[in-house]
Amino acid sequence: MNLSAKQKRSLWQDHFGITIAAGQYGVALAGNPNVGKSTIFNALTGLHQHTGNWPGKTVDNAQGGFQYQQKSFLMVDLPGTYSLLAHTVEEQIARDFLCFASPDVTVVVLDATCLERNLNLALQVFEITPNVIVCLNLMDEAQKKRLKIDVQSLERELGVPVVATAARQGEGLIELQEKILQVASGALPTNPRQILYSPEVEKAVEHLLPMVGSIANNTLSPRWLALRLLDGDRSFLDSLSSFLGVNSCWEGARCAQ
Amino acid sequence: MKGAERIDALADLSPGSVCQIVSLELSGLLRRRILDLGIVPGTLIRCIRRGPSGDPTAYLVRETLIALRSEDAAQISVRTLLNGEECI
Amino acid sequence: MCAMMPTRSLSEVWSEAEIVRRSYPNSFSDQMVADIYGNVEQITNNVLTKQGSKRYLFDQKLDDLVTSKRFGYPLMLLLLVIVFWITMAGANVPSRLLASGLFAFQDQLTLWFQWIGTPSWVHGVLVLGVYRTLAWVIAVMLPPMAIFFPLFTLLEDSGYLPRIAFNLDHIFKKAKACGKQSLTMCMGFGCNAAGVTACRIIDSPRERLIAILTNSFVPCNGRFPTLIVVSSIFIGGAVAPYTGLVNALVISGLILLGIATTLLISWLLSLTILKGEPSSLVLELPSYRRPQLGSVIYRSILDRTLFVLRRAVLIAAPAGGVIWILGNIYIGQQSLLTSLGQALNPFGQLFGLDGFILMAFILGLAANEIVLPILLMSYLSTGYLQDFTSLEGLRSVLVSNGWTWLTAINMMLFSLLHWPCSTTLLTTYKETGSKKWVLLSFLIPTMTGLSVIFIFTQCVRFLGLV
Ligand SMILES: Nc1nc2c(ncn2[C@@H]2O[C@H](COP(=O)(O)OP(=O)(O)O)[C@@H](O)[C@H]2O)c(=O)[nH]1
Ligand SMILES: [Mg+2]
Chain R
1 MNLSAKQKRS
11 LWQDHFGITI
21 AAGQYGVALA
31 GNPNVGKSTI
41 FNALTGLHQH
51 TGNWPGKTVD
61 NAQGGFQYQQ
71 KSFLMVDLPG
81 TYSLLAHTVE
91 EQIARDFLCF
101 ASPDVTVVVL
111 DATCLERNLN
121 LALQVFEITP
131 NVIVCLNLMD
141 EAQKKRLKID
151 VQSLERELGV
161 PVVATAARQG
171 EGLIELQEKI
181 LQVASGALPT
191 NPRQILYSPE
201 VEKAVEHLLP
211 MVGSIANNTL
221 SPRWLALRLL
231 DGDRSFLDSL
241 SSFLGVNSCW
251 EGARCAQ
Chain D
1001 MKGAERIDAL
1011 ADLSPGSVCQ
1021 IVSLELSGLL
1031 RRRILDLGIV
1041 PGTLIRCIRR
1051 GPSGDPTAYL
1061 VRETLIALRS
1071 EDAAQISVRT
1081 LLNGEECI
Chain Y
2001 MCAMMPTRSL
2011 SEVWSEAEIV
2021 RRSYPNSFSD
2031 QMVADIYGNV
2041 EQITNNVLTK
2051 QGSKRYLFDQ
2061 KLDDLVTSKR
2071 FGYPLMLLLL
2081 VIVFWITMAG
2091 ANVPSRLLAS
2101 GLFAFQDQLT
2111 LWFQWIGTPS
2121 WVHGVLVLGV
2131 YRTLAWVIAV
2141 MLPPMAIFFP
2151 LFTLLEDSGY
2161 LPRIAFNLDH
2171 IFKKAKACGK
2181 QSLTMCMGFG
2191 CNAAGVTACR
2201 IIDSPRERLI
2211 AILTNSFVPC
2221 NGRFPTLIVV
2231 SSIFIGGAVA
2241 PYTGLVNALV
2251 ISGLILLGIA
2261 TTLLISWLLS
2271 LTILKGEPSS
2281 LVLELPSYRR
2291 PQLGSVIYRS
2301 ILDRTLFVLR
2311 RAVLIAAPAG
2321 GVIWILGNIY
2331 IGQQSLLTSL
2341 GQALNPFGQL
2351 FGLDGFILMA
2361 FILGLAANEI
2371 VLPILLMSYL
2381 STGYLQDFTS
2391 LEGLRSVLVS
2401 NGWTWLTAIN
2411 MMLFSLLHWP
2421 CSTTLLTTYK
2431 ETGSKKWVLL
2441 SFLIPTMTGL
2451 SVIFIFTQCV
2461 RFLGLV
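Residue numbers (my numbering), protein chains in the order written: chain R, 1 to 257; chain D, 1001 to 1088; chain Y, 2001 to 2466.
Careful, some of the hints might be misleading.
Under the rule of at most 27 Å between Cα atoms (straight-line distance), these lysine-lysine pairs were calculated in the DSS-like manner [said to hold, decoys possible]:
#1 Y:Lys2050 to R:Lys144
#2 Y:Lys2430 to R:Lys8
#3 Y:Lys2176 to Y:Lys2436
Everything labelled a hint here was simulated from the structure, so no lab data went into it. Please read all numbers here as calculations on a predicted model, not as lab measurements.
Can you make the complete structure from the sequences, with help from the hints?
Structural data, given as structure tokens:
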């Protein structure tokens, strides 16, 4: 989104109750339930979010800051979600944050032991923001299950940095911070792989694209918006109009100046 | 993968057998939720175990165990793979 | 004005999209999900190699046991009893040591206050009120929490909890509720407010409300100490060599009663104000992970035990001061506290409790942790009993205030079944956004608890057992 820093701060405050300081990078932690997001969050911020091996411990946003290389970051631990097509309250929280708060970096945490289901979410995140890092967590568990993941090929396939971690043991977290800094500062360009849909879907998107452009008014990817309209997800429409309402007021204010 | 084929409901699968999803007759939230978990037409799914009283049942799909109630699993049609043991 | 524009064009585009959607024989969203998974499979084919491992076998074997027809339920019961047995057996000695240490320090404090020459009411409020209540809260709460939380965290980290939900789902289904409710109940063991928030994991709004309204039937950590102490004094103490085990059985029994009540009320709610068919269950059973002992202990002591203790202390300190003041302001012959207790007494007696107990529960609305300390403070504000650091001493305090085994059982039952604390009520309001549900979440457990102890008391009295 091309919001000014100030607009963004007030959006984060008003809609998500998150206070981000001027000059602080906003980092979102997204992922399926139970992949170690809160463990990573706690390790980096020194806070004490509830963790445990069952889905559904984190059902609300949590925020915490950390410093790396004299730069300040605000990390937001989101509730776990299987997809961005949200159904429940906590999934909606995660979706709205990723879609509308446009954090500087989104870290998608994946469970290395069930890659397919986790990549499903990652690819969906790729559709809404290019500033993504994939954190391949639970590498120790994957090793125990003798699953070999070629991290370099994965990085090539996905077009974003991939960091292998074992968060509970603290392995790979320095590298993760390094990548967060690089992506946040723009030093490391990313080019996330876009989902290729079947011809029928692509054709329908083509058809809707011209109409959608005016609504998205540079705040959302038009292609993504068209896809959601094809989904026919009502709850998303509600979020959309509430957030677009806010944004368009900003547009108006900018014009008036 | 080749073998005799039969269309069944997922709920009728007995523990240990493997099948392939054909279609979902579920609707609403549940349908979405199940799709999001990667249970889409073509996916291989293995019935793993029933709960202590016979319901719900745990299925292995895409490396994760997912428990479903029999009423819901009855609305998922599958193609049984008679020699699909090594597929999943 | 400017907010209107995009909304309108949005709805225009929406209806256009609807036409497109209708023109397609299948559902676009189904197709999209399938397409995404198609893309995903392409990626994993290129990056992932599976070499087969015994790990899967281990998970399977464990699940064979944990969810088996024969051992599934007994194992759950056994774990429940063992956790409480270890908790109570382990907490006994440290509790006593803490109590004697803290009360010895109280005498020291008194000497200092006398030495400085502070007025006696200052000493009263600060030492006999605030300090003594705090000493109680810490001695009674700290040891069991410091044992219970690590044990619970171990279970939590291992991956056992979702198996509980898996095993119990069919019972919840009969109550027309969701098996995931048992996960929210597990959260409730820590704190009911957290349990209420955790209800977000339940997809159907109807089942979520049921889970919210019944969460307080699980005793939170603020109520465990009350249950443990009362049981130790009146039940476990009576069977000397097996004290620990009997206490563990009593507490486990109470928890089972809480679970049974949860199921019954859930069922009644689904028959009346929250009608509807049970919807569904989609529950992920994550693979077992070996917990890290060090981090479990660190997290459970620092993040949970001390966190909970801090909250209790913050509420107990002022409450202790207030109780002392009430106990020492006299109107005529009687202190204000005594008058209050007496005013509530007839009502309390009807339910097999007494006025002070009711008052302690009412003040406990602020936090359940302070119920027992407040009660003891109320009893002690009149008499001067010396040795109240040991269970025997405590027992004599209670007995001299008219307690019988019936009072003890009622106290435990009402502690299990009564209104949620204020934090939980506030959370319920946040989650449901309606005062009606908050009111119900107050009334349902209260009415349940009052009915249970009323019927129980009247039966016992009718049979002449007390
Ligand atoms: N073995 C192992 N366990 C981990 C790792 N990261 C997290 N865990 C454990 O996985 C469980 C889920 O982690 P949590 O942070 O609560 O996941 P969240 O739901 O994504 O926030 C916890 O029991 C963690 O201790 C890891 O790298 N290796
Ligand atoms: Mg979490």
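Check your understanding: Can the restraint linking Lys2176 (chain Y) and Lys2436 (chain Y) be considered satisfied, given a maximum Cα separation of 27 Å?
Key -> OK: Lys2176 (chain Y) and Lys2436 (chain Y) at ~22 Å, within 27 Å.
Point to revise | Hinted pair Lys2430 (chain Y) and Lys8 (chain R), Cα distance within 27 Å | key: 26 Å, holds
Exercise for review: Quickly compare the C-alpha distance for Lys2050 (chain Y) and Lys144 (chain R) to 27 Å and report which way the hint goes.
Suggested key: 11 Å, holds
This entry satisfies every hint, going by the numbered hints stated previously.
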